[in-house]
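In the order they appear, the protein sequences are chains A and B. Letter by letter, the first sequence follows residues 1 to 377 of our numbering. Letter by letter, the second sequence follows residues 1 to 197 of our numbering.
These aren't lab readings, by the way, just hints derived from the structure by calculation. Even for Gly, the Cβ is constructed at its ideal location relative to N, Cα and C. Among the hints, a few may not be true.
Partial pick of chain A residues on the chain B-facing surface, computed with a CB cut under 7 angstroms [unchecked claim]:
| # | residue |
| --- | --- |
| 1 | P14 |
| 2 | P16 |
| 3 | I183 |
| 4 | I328 |
| 5 | A332 |
| 6 | V337 |
| 7 | F339 |
| 8 | E341 |
| 9 | T361 |
| 10 | G364 |
| 11 | S368 |
DSS-like mimics (lysine-lysine), calculated; alpha carbons at most 30 angstroms apart, straight line [as the list claims (entries may be wrong)]:
| # | chain 1 | residue 1 | chain 2 | residue 2 |
| --- | --- | --- | --- | --- |
| 12 | A | K290 | A | K324 |
| 13 | A | K374 | B | K127 |
| 14 | A | K40 | B | K34 |
| 15 | A | K343 | B | K49 |
| 16 | A | K363 | B | K2 |
| 17 | B | K2 | B | K127 |
| 18 | A | K321 | B | K36 |
| 19 | A | K360 | B | K49 |
| 20 | A | K79 | A | K42 |
| 21 | A | K42 | A | K363 |
Spelled out, the chains give:
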Amino acid sequence: MNYKIENIKKIIVPNPLKLDCGQTIKDFPIAYETYGELNKKKNNAILIFHALTGDQFVASDNPITNKGGWWTTAVGPGKAIDTDKYFIVCANVLGGCMGSFGPKDISAKNNQPYGLKFPVITIKDMVRAQESILEHLKISKLLSVLGGSMGGMQVLQFCALYPDKTFSAIPIASTASHNAQQIALNELARQAIMSDPLWNKGNYYQDKKVPKNGLAVARMAAHITYMSDKGLQEKFGRKLQEKKDYEFTFDADFQIESYLRHQGKVFVERFDANSYLYISRAMDYFDLSKQFKNGLSEAFQNHSTKFLIISFSSDWLYPTKNSKEIVIALNASGANVAFAEIKTDKGHDSFLVEEPEFLKTIKGFLDSNFEIFKNEK
Amino acid sequence: MKNEFKIIANLLPSQSRVLDVGCGDGTLIEALIKEKSIDARGIELEEDKVKECISKGLSVIEGDAETELGQFPDKAFDFVILSQTLQAFYQPENVLGQLLRIGSRVIISIPNFGYWQIRASLLFFGKMPITKSLPYTWYNTPNLHMCSIKDFYQFCEKKKIKIDKVVGVNGEKISSIYRVNLEIKNLLSEVGIFVIS
Numbered sequence: 001m002n003y004k005i006e007n008i009k010k011i012i013v014p015n016p017l018k019l020d021c022g023q024t025i026k027d028f029p030i031a032y033e034t035y036g037e038l039n040k041k042k043n044n045a046i047l048i049f050h051a052l053t054g055d056q057f058v059a060s061d062n063p064i065t066n067k068g069g070w071w072t073t074a075v076g077p078g079k080a081i082d083t084d085k086y087f088i089v090c091a092n093v094l095g096g097c098m099g100s101f102g103p104k105d106i107s108a109k110n111n112q113p114y115g116l117k118f119p120v121i122t123i124k125d126m127v128r129a130q131e132s133i134l135e136h137l138k139i140s141k142l143l144s145v146l147g148g149s150m151g152g153m154q155v156l157q158f159c160a161l162y163p164d165k166t167f168s169a170i171p172i173a174s175t176a177s178h179n180a181q182q183i184a185l186n187e188l189a190r191q192a193i194m195s196d197p198l199w200n201k202g203n204y205y206q207d208k209k210v211p212k213n214g215l216a217v218a219r220m221a222a223h224i225t226y227m228s229d230k231g232l233q234e235k236f237g238r239k240l241q242e243k244k245d246y247e248f249t250f251d252a253d254f255q256i257e258s259y260l261r262h263q264g265k266v267f268v269e270r271f272d273a274n275s276y277l278y279i280s281r282a283m284d285y286f287d288l289s290k291q292f293k294n295g296l297s298e299a300f301q302n303h304s305t306k307f308l309i310i311s312f313s314s315d316w317l318y319p320t321k322n323s324k325e326i327v328i329a330l331n332a333s334g335a336n337v338a339f340a341e342i343k344t345d346k347g348h349d350s351f352l353v354e355e356p357e358f359l360k361t362i363k364g365f366l367d368s369n370f371e372i373f374k375n376e377k
Numbered sequence: 001m002k003n004e005f006k007i008i009a010n011l012l013p014s015q016s017r018v019l020d021v022g023c024g025d026g027t028l029i030e031a032l033i034k035e036k037s038i039d040a041r042g043i044e045l046e047e048d049k050v051k052e053c054i055s056k057g058l059s060v061i062e063g064d065a066e067t068e069l070g071q072f073p074d075k076a077f078d079f080v081i082l083s084q085t086l087q088a089f090y091q092p093e094n095v096l097g098q099l100l101r102i103g104s105r106v107i108i109s110i111p112n113f114g115y116w117q118i119r120a121s122l123l124f125f126g127k128m129p130i131t132k133s134l135p136y137t138w139y140n141t142p143n144l145h146m147c148s149i150k151d152f153y154q155f156c157e158k159k160k161i162k163i164d165k166v167v168g169v170n171g172e173k174i175s176s177i178y179r180v181n182l183e184i185k186n187l188l189s190e191v192g193i194f195v196i197s
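Could you put the whole structure together from the sequences, leaning on the hints where they help?
Okay, here's the thing in structure tokens:
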């Protein structure tokens, strides 16, 4: 893994941040990227929260992989989230590995990378750290906050923490609390990483022998959960990988095997194994209802934020049921909420791929709410 | 906007909180928001219509009113609207109970099975009636529990549901319905609109 990320835009957060784990951090970097232009009235800003393995490079080339942004299907000039019209901000999460404060950073105490000495962080910590970006950009109220998967958790957390800082919110394919299956799948990924001998209790930065195999297996397992049974079958079925018959070995005979191996391989080039542990842990600890005495609906009491909840019919990782729980809590608190389940075979990953019905819904919601927000100011 | 929606809109005070159950493409709630500053929400079963509503910026949730009204707290809305849908539920009585629980008042419209054209169709032709407000054939109708204005009136009385107002609609013509003119209005109205609480 190449750690050359000097050219990444970042701010140093000066205010001390007391983390949920009890530790306090200060003067730490949060890396971010922006697209489009902030208008004079500063009412066209949208904050996007990325998912577990995402980063701030939503719609521009990632400087490490030199590949396009992770959400170019939705974000760009003339796209559903139109950068000709809106000012898009996305920050790398706390604990990440794309320029924000994370376990591979060097500790001032001993000049060594933090590794497992990095404090355990939560979704709430991530959101509070990112809020500094808004202060830095002098944006007092966003048009919208949105994000899929772990991004959606941050959206919910943001709204609970800062009800007056956004006009609307779009949690996509997400949940208000990680359930047993979701924790189990994350634990599987973490165990894959930690059982790689090169992981070495998180101390692998010095001699650059990183736990590639463990991280690749973690990615492979996770990748399966992002697709639906039907989607996988249609794309790969039992097709063989550049061969006419079985080879009676354990090489990748099937296309799906080859595909997963490739996904694992490219992932380890851009992602830090310890970051994976920390961020997946934050997801597991996420339970918004726990932050409020009277449960989830209290999180949104007396909010004027306009919510749009979106789920995907074939998403079994964060199924519609999870989204409906959010809708129910919002309705119970009298919040302003819209909800749609998009019918698709593309599984959890639906929000990242070309899914016209989804993109059209997001666009309509943002554009119509921008008109209302503009006139409100 | 159809006449029925105009009548319903006139019954609603501005700035009230309204839930339109089975809001379709959101025509009514959009008008209520724009023209009367009403805080109007919707719930709709059909995904395409929900997406259409969301694209207009309306707060509409995709869901089945038969099973999902339980999520709203008691008296969450000043008015709950149910337009010509009651007859399509499996358990209309239960749904009605939910509507009365979540709304201080309920505006409910019913396609009147007592309308003379419907009576005539069955009487003279011996066939299930097909009219403007009931355009379905017997084998593909979503309507499971048809009733007349008189049926619903008596149902409310029996269940001790307070009837605040009843309006009969026949094309562009509207008229108030009371117990004294119930028989004749039951014959002449295509749709009945009840305000109950």
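We went through each hint and held it up to the structure:
1. P14: Because about 38 angstroms separates P14(A) from the closest Cβ in chain B, which is outside the 7 angstroms limit, the hint is violated.
2. P16: 39 angstroms, violated
3. I183: Not OK, violated: I183(A) not within 7 angstroms of chain B, min 26 angstroms.
4. I328: 4 angstroms, holds
5. A332: 6 angstroms, holds
6. V337: 6 angstroms, holds
7. F339: 4 angstroms, holds
8. E341: At about 6 angstroms, which falls below the 7 angstroms cut-off, the nearest Cβ of chain B leaves the hint on E341(A) intact, so it holds.
9. T361: 5 angstroms, holds
10. G364: This interface hint holds because 3 angstroms falls under the 7 angstroms limit.
11. S368: 3 angstroms, holds
12. K290(A) to K324(A): Holds: K290(A) and K324(A) sit about 18 angstroms apart, inside 30 angstroms.
13. K374(A) to K127(B): 56 angstroms, violated
14. K40(A) to K34(B): 27 angstroms, holds
15. K343(A) to K49(B): OK: K343(A) and K49(B) at ~13 angstroms, within 30 angstroms.
16. K363(A) to K2(B): Judged against 30 angstroms, a Cα distance of about 29 angstroms means the pair holds.
17. K2(B) to K127(B): 28 angstroms, holds
18. K321(A) to K36(B): Distance ~35 angstroms between K321(A) and K36(B) Cα, so the pair is violated.
19. K360(A) to K49(B): The given pair, whose Cα atoms are some 13 angstroms apart, holds under the 30 angstroms limit.
20. K79(A) to K42(A): 21 angstroms, holds
21. K42(A) to K363(A): Holds. K42(A) to K363(A) sits at ~20 angstroms (cutoff 30 angstroms).
Taken one by one, the earlier hints fail for this structure at numbers 1, 2, 3, 13, 18, listed in ascending order.
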